[in-house]
Each structure stands twice: as structure tokens, then as C-alpha cells.
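Chains as they are written, first to last, in the working numbering: chain A, 51 to 384; chain B, 51 to 384.
Possibly wrong hints are sitting among the right ones.
[Unchecked claim] With a Cα cut of at most 27 Å, we get these calculated DSSO-like pairs of lysine-lysine:
hint	chain 1	residue 1	chain 2	residue 2
1	A	K237	B	K224
2	B	K186	A	K224
3	B	K205	B	K70
What the hints contain is simulated information worked out from the structure, not anything from laboratory work.
2 protein chains.
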Amino acid sequence: MNISRSFSIKGVGKYFPKKKVLNSDIEEKLNLPEGYILKNIGVQSRRQVTTESNTFMGQQALRSALNDANLNLEEIDCLIGASATFDYVLPNRSCLIKESFPEAKKIDFPCIDINTVCTSFITALDYASLLLTDPKYQNIAIVSSEISSHGLNSKEPESYALFGDGAAAIIISKGKSTGGLLHYTAKTYSEAAQYTIIQGGGNANHPKHFPYDEGLYSFKMMGHKLLKAAKRTLPFFIEDFFKESDIPLRDVNLIVPHQASKLGLRMLASLNQGNTDNIVDELSTSGNCIAASIPLALVSSIKNGRLNEGDSCFLIGTAAGMTISGLLFKYSKK
Amino acid sequence: MNISRSFSIKGVGKYFPKKKVLNSDIEEKLNLPEGYILKNIGVQSRRQVTTESNTFMGQQALRSALNDANLNLEEIDCLIGASATFDYVLPNRSCLIKESFPEAKKIDFPCIDINTVCTSFITALDYASLLLTDPKYQNIAIVSSEISSHGLNSKEPESYALFGDGAAAIIISKGKSTGGLLHYTAKTYSEAAQYTIIQGGGNANHPKHFPYDEGLYSFKMMGHKLLKAAKRTLPFFIEDFFKESDIPLRDVNLIVPHQASKLGLRMLASLNQGNTDNIVDELSTSGNCIAASIPLALVSSIKNGRLNEGDSCFLIGTAAGMTISGLLFKYSKK
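The following block holds chain A by itself, in its conformation from the complex (with noise of 0.2 Å):
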């Protein structure tokens, strides 16, 4: 396996709001009949915030990570924000996780936000992988916060009863050891550009002159165009993807897709060769967590011990643009 960015991930963490959402409580509210979710959408439970925000799971995730990593925050040297949503439309979300630590007023690294929806965290693997390069650089956390749940339809149970709120963490340092980036892709594809979309908020409908209304305001999925679209290019892109990669799919120790969907997650499936061994499935237990699905699946992983050193884990997501992110790494903890 060819290092082309070498790095370690120190520390991990995560965060899930404390209130636990039971399709028992979405079917009576949706009048669905009972286990219509678990059979069409694949979730049995999701957390939602209650006074929870973005910034004090995204603080919370961090300061997890910290710990397993033994360093104090001052050893920071760079906090990427990898999400979609967030507290404030400006300043911008790192900057708020950063000063919810009582210890950052005397510390001054940069806070920097990177988006990439639903593969954010991919994304910013990637651009802290690069900063790593830089000799000033020998820790970056990334932190990936979710809140979905204000911006559910209750009009449309697939979306509604598909997504969780949560927070995770990594911290990624000049490796010691052998582990870093083996491969890295990222594609757009524009025909899948609005096929989802949370129309209200911004600049095109802004609350100013557009007042809340539940379907403007709310996640809106076209699901079968976005599934086609997905079939249409997913395969070559993997495809296209290990070609340039040194080691076959086949080979890849771990998978950690973003946990999109059911159909999402067969599809991957199918992808290698119908084996599910080696690919992380929490789409049950936390539904879909936007950005933070994939560096929660990560945390898991790493946590329960099935990424272990030394492994290669390929990291693989859908996001709303429509962008394909792939990226293949060594894990090393040291």
C-alpha cells in the first residue's frame, strides 16, 4: 500500500443527543402502520436534540476526541467544521465549537468550515491530510455536527423517518507510523442538482419575505430520481476509483459508507460482490446523520475494534449536489 499523504488518527469521539426517537412515536404521529418504517426505511431508532445545538455536540464529540488522543486543546493547530447545517448563518460553525471550550480564549488556531453536505467529512480528510504537509500543521480536528431534525417534513415519512441528529470528531496528526491517504476522489454530478434540496432559509427564500411554511423550509428528496441518478454513475466512479488505487476493492479491510438510505447501503452492498462482512451498517440505530454519519460509522469502528492497525478502510458517500466522495486510507493510531 503506496502512502501518499501519511498521517494518524489520535483521537476519535462522538455525541448523540440524549433523546431517543422510537418508530413507535413517528408511526402513531404519521399515522403510518406499525413497522412500515423498519421495513421501508430501515431505521429503528434515531436521537433528536431537544436543547442540544450544533456547537455543544460538535464541543462535546471534540472534547471526547481530545481525551483519547491525550492532548489538551492547545495542541490544536487547526479545527475544520465539516458539516451541512448550523446555530448561526454566520460566524461559522468551527469558530462557535472553538470558543465553547472555557480554555480557548488564549488559544488563536484557525477555524475553518468546509462543506461538501453529506460528504463533508470526507472532504475535509482530504484538505487536512494536505495541511499536514505544511510544517506548522501536527494536529487538525475535524468536527462534524448534525441537526436535522428542525428540517423534517412530517408530510413525507421517507425523509422524516430517515434522519438522526449527532456529532463526531477526529483528530488527525503527522503520522509516526505508516498509515495516511492511499486514494482520494470527488466528483459532481450537475443532472442531480436539486434532487435534494431545503429550498427556504436563504438567499432564495429568505425568511424576510418567505415565512415559515414546513414543505419550503423542510429537507425535500426526489428518491427515485436521486436512486437513478445514483445507479447511473456510483458504479464507475468505484470503479473508476480503484483503478487508480493500488489495492482492489476486494481487498479493502473496512467499509465506511455514509449512512444514506436502505436502498443506498444494498446498493454499496451489491458494489462488493454482495458481501455486507465488512461494510459498517448503523443505519438502524442512528438513522441518517447527514455529514456525521460517515466519521460516526468511523468512530464505531475504531471503538469496537473492527478497524484495527494497520487495516485500510475506504470511506465512500452520496451527497446532495450531487457529489461522490471516495477516499481510501491506511488507519494507524500512532
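Dock chain B against the given chain A, drawing on the hints supplied.
Just chain B now, kept in the frame of chain A:
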């Protein structure tokens, strides 16, 4: 001059909305004495959108930059959207700008948003220069497109009359010449994190629970506290920056600052030994265009011959968060 990452600026473009808003319009609306705005805020006129969107303005600026570079859209390898405001909560800004080109459907380069609020363009330029170290990138487009006008509070003339709308785009390419990055630094000072904020519209005060209210949904600036924080940090930031750079500030050919405010530009001039000759000041005709201000001023400087082949150029700005970003580069179009 020691180039750490080489690049050329192959093309530049900009777009301003058609509607020009004069001080007399605002002074009448807000019941301010004639001449108040120019005297206190330093702006004579600014552009504001009527039907234009962030996406449309970004597309116009990028089309113009492509023409300037004599490149087609398909020759771009990555589009970085570097803005604070947006048309939609999702998908990300850059995906929508790409999609707005009729020829985009057959082109699959990735679209990534980066956000450090007003200094997003500086962060994006550093990022793009890192991406160009990877053989798969030849030409990278950076687009900053901002609509401030929907988020201004008519009860706060200091910001209401300060901001403008506009977009700028540049294309940076693997350089054959001696142009490129000389030095880059960014720092986030968390004590000032909440001095500039838009409180409504995100998850903290979601439109679902907080109906539109001009105060809540508009830009809020604690001007005096912010200025004090800038006075405490900016002189040291610039001093440290040039200690680490191999040319001193006095030898820089052109300084392109964020058009933050009259007082901000005055502070910079005093740090430049009182010299304003080599500082680009477009505040009076454009206002503060958030992240578009720096690239707009850079584009003008290239177009009107103030920045010439081989010149050194220092981009510097403060941003909500509070982040200060500085980037010194040697300009080359080749």
C-alpha cells in the same frame, strides 16, 4: 522571494447587481442627515440584488474569469465556493454555481464550499494552492458570491449602509512561471466570536420556532468591541506574519484588504506607516461585500494594472469568528 507553492492566476472576473443604491436613498429611508453615511461610514454607493441570486452572480463572475483565462468549463478540475451567504441551506453553493452552466451536466469536477466568513477567499486560495500540489489538478476556480442585503437591519445604520452585494471569481492554475504562494497564516481569536453574528435562520433560532424579526434575522455587529479586538490582535498578527515571511511589509507591492469598514482600512494604513498608496480601497463604491470584497478588489487591481506580473500582493482581512487571515503571493498570469 521564496515561492512555497507555485501557481498562476490565469483569469479573473466579477459581477455586480444592476441596482445601485445611493446614500441619499438610505438617508431618506432611515431619516439620517444628508452626508451622514459618507462621513461616518465611508460608503458612497453600493449594489444590491433585485432578481439576482448568489448562484447567478457567481456564474456570471466565473464565466467572465473563464473568458479571461481562455478556458472552457470542462478544463476546470475543482470549483471552490468561498462565501458566507447562500441561496439554499443545501446543496452547497459551489454545486449550484456549477449546475447553472448549461454545459455542466456532462462535466463531473468536484464542487467544495469553504467558509471563514469574510476571509473565505484567502482560505480558499491557500487550499487551492495545496490542491495544485496534487497532479490531478491543473485549473481550480474560486468563486465568492455574496448577498448581504436581505440580512441588514434598518435600525442599525452602521451596518445597513455599509454592506453591498457582488461576486468575484478567479482561476488559479499550475504555474509555469515564478508566481505563487509566499506565506499564509490564519488565526481565530475566540474572545471576539460573538461580536458579529446573524442569530436567526439556523438551528439556534430556527424559522420553525422563531418567526421573522428584523433584529433576529439581520447582521448584528458590536462595532466598538470588535474594533477593540482588532486593535489588540491585528498589529501583532501582521508583525508575526512578516517575521515569518522573507520580505518585509514595506516591500510589498500591493495590499488588498477586506473592505471591512472605514475604521478598519484606516487601522491598516497606520500599520503600513501611514502609507495608503499601495492599499486598494474600494469601500466607497462597493461597500463591504463580505467574502467577495477581497477577490473583487484583487480582480480590479489586475484589470486596471495596479497589480502586475511579478508583483508581490498581500491579502489581509478580519472575519466574524473572529478570524484574521493573511496571504502573501507573487502574481503571475503565465
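Tested hints:
no., hint, verdict
1, K237/A - K224/B, "20 Å, holds"
2, K186/B - K224/A, "23 Å, holds"
3, K205/B - K70/B, "21 Å, holds"
Hint check: no violations occur; every hint is consistent with the structure.
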